[in-house]
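Protein chains: 2
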Amino acid sequence: MIRLEIPKGHPRYESLKRREALIDFYEKGIVTVSGLISHGRGEAFDYIIGEKSRPFAIEAEKAALDRILNSRNAVISVNGNVAALAGKEIADFARKFGVTVEANIFYWSKERMEKIVSLFRRMGLEVLGMNQDALIPGLDSNRGKCESAGIFSADTVLIPLEDGDRAEALKKMGKFVISLDLNPLSRTSRYSDITIVDDVTRTFRNFLEFRESDYSGHSSSFNNASNVKEAISFMADRLRSLKNWPDL
Amino acid sequence: MIRLEIPKGHPRYESLKRREALIDFYEKGIVTVSGLISHGRGEAFDYIIGEKSRPFAIEAEKAALDRILNSRNAVISVNGNVAALAGKEIADFARKFGVTVEANIFYWSKERMEKIVSLFRRMGLEVLGMNQDALIPGLDSNRGKCESAGIFSADTVLIPLEDGDRAEALKKMGKFVISLDLNPLSRTSRYSDITIVDDVTRTFRNFLEFRESDYSGHSSSFNNASNVKEAISFMADRLRSLKNWPDL
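Chains as they are written, first to last, in our numbering: chain A, 775 to 1022; chain B, 775 to 1022.
Possibly wrong hints are sitting among the right ones.
Note that the list lumps identical chains together, so a pair holds whenever it fits in one copy or between two copies.
To be verified - Derived DSBU-like pairs (lysine-lysine); straight-line CA-CA distance at most 35 Å: (1) Lys-946 x Lys-782; (2) Lys-862 x Lys-1017; (3) Lys-802 x Lys-919; (4) Lys-791 x Lys-1017; (5) Lys-862 x Lys-802; (6) Lys-919 x Lys-870; (7) Lys-946 x Lys-1017; (8) Lys-782 x Lys-945; (9) Lys-919 x Lys-782; (10) Lys-862 x Lys-1003; (11) Lys-919 x Lys-1017; (12) Lys-945 x Lys-1017; (13) Lys-791 x Lys-802; (14) Lys-826 x Lys-782; (15) Lys-945 x Lys-826; (16) Lys-884 x Lys-782; (17) Lys-889 x Lys-1003; (18) Lys-862 x Lys-889; (19) Lys-884 x Lys-1003; (20) Lys-884 x Lys-1017; (21) Lys-1017 x Lys-889; (22) Lys-1017 x Lys-802; (23) Lys-1003 x Lys-802; (24) Lys-946 x Lys-826; (25) Lys-826 x Lys-1017.
The hints are simulated quantities; they were obtained by calculation from the structure and are not laboratory data. This one's a predicted model, so the numbers in the text were calculated from it and none came from an experiment.
Please model the complete structure; the sequences and the hints are all you need to start from.
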């Protein structure tokens, strides 16, 4: 695989660096081929959004953080793409706020689970996932595996880059579901109580930068349906604004 | 890699089958990791378009076909993703109309070139690409390689799923450039004389289905800038129409 040197001044520097990181983690066996395709979908939506955390995203993030910190047992679910894109930020976040992280992957293999758990261990964070003793109802055995001490008993789950079936199943278990997905139209986005339409790395960086006064109380006043509508409207408007041709 | 059985009635059946084909061709060494990410980007734009050939696409396709058939030496450039997604349709098209096809890839390797050429040979079509004796000016030696009997001397080139640098370099050579890209905002789309905003498989199927009276004369009246604007407006409108929440 040929790597191009990405100049720091490139307008899409962050996005191109993220893509490179993902390919590295694919080569390490943490990201799957399916994960690469998913990432491309995310890139397209982020391109339309303009690769920035927009006001609707910031608002959802404040509500999410407030909710997570007021939960009895909030768990962050981490798959291969999430570990590759924002492993460091998630480890920092989990340490700062004492939130549980659980490895949970769509294409299950023991080896890939171990690699994700080891990745976080090397960053000084112990994550759940190697003792999957429970099953999310409504999913087949490979997809539903989770830990009774983690996702299974959590009251709030943050599911970045998650599959729609799993989001729906978690919702049916009565959990408060916070999704993080650049596609506001995805089933995952639709099933969530709080839908964050933003990039996973930017979101965790924002979580780390907010002061308590920024987010405190934001979960009670948050209206998810209208926030998602705002995200979709923003994207439609931005697409339309890019229409001037050929001086794009 | 676990494969899910995709039911024929699934609303996104065609898209999911295409993704599966792409992964097969990745495993065969024809598609690259970078190609998988690119495909994801295309999927997102196609999702917004609604996974159908819309009127702006049909109009661009008619103009493109008219232009190709009235060229002295039109060449279709084929990379790994294009071969994987629409190899059969392109072979049928090239045979029906006697149009030259040339393998031309972004991450060059002799092995991958041979695999693409062999793939077409097995479908009964000889394609150029194994005798790269010329260089597109302005590109480095690996990216600029092409055949003097093919892309180098072509008056018209159809470049599906092409990189922006190469599209620009071909345009600077004075060629009539027809692009095929689901992202109407890409540099490739911007540099083209005719920009087809459609899926590559659907486009070649449409080429094969048009009768002469459908497309004859359409290249002279075609206005590319206004057609691309129409594509972008359509996408913005469709996004906005998908806003109704939660009854998406």
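Here's how the hints hold up against the structure:
no.	hint	in the structure
1	Lys-946 x Lys-782	between (45 Å within a copy, 27 Å between copies)
2	Lys-862 x Lys-1017	between (37 Å within a copy, 34 Å between copies)
3	Lys-802 x Lys-919	both (23 Å within a copy, 32 Å between copies)
4	Lys-791 x Lys-1017	both (27 Å within a copy, 31 Å between copies)
5	Lys-862 x Lys-802	both (16 Å within a copy, 34 Å between copies)
6	Lys-919 x Lys-870	within (27 Å within a copy, 52 Å between copies)
7	Lys-946 x Lys-1017	between (42 Å within a copy, 24 Å between copies)
8	Lys-782 x Lys-945	between (41 Å within a copy, 28 Å between copies)
9	Lys-919 x Lys-782	between (41 Å within a copy, 28 Å between copies)
10	Lys-862 x Lys-1003	within (31 Å within a copy, 41 Å between copies)
11	Lys-919 x Lys-1017	between (46 Å within a copy, 33 Å between copies)
12	Lys-945 x Lys-1017	between (39 Å within a copy, 21 Å between copies)
13	Lys-791 x Lys-802	both (17 Å within a copy, 27 Å between copies)
14	Lys-826 x Lys-782	within (17 Å within a copy, 38 Å between copies)
15	Lys-945 x Lys-826	both (29 Å within a copy, 32 Å between copies)
16	Lys-884 x Lys-782	between (38 Å within a copy, 32 Å between copies)
17	Lys-889 x Lys-1003	neither (38 Å within a copy, 46 Å between copies)
18	Lys-862 x Lys-889	within (15 Å within a copy, 39 Å between copies)
19	Lys-884 x Lys-1003	neither (39 Å within a copy, 49 Å between copies)
20	Lys-884 x Lys-1017	neither (48 Å within a copy, 40 Å between copies)
21	Lys-1017 x Lys-889	neither (44 Å within a copy, 39 Å between copies)
22	Lys-1017 x Lys-802	neither (40 Å within a copy, 39 Å between copies)
23	Lys-1003 x Lys-802	neither (38 Å within a copy, 42 Å between copies)
24	Lys-946 x Lys-826	both (32 Å within a copy, 33 Å between copies)
25	Lys-826 x Lys-1017	both (20 Å within a copy, 21 Å between copies)
Of the numbered hints listed earlier, those contradicted by the structure are 17, 19, 20, 21, 22, 23.
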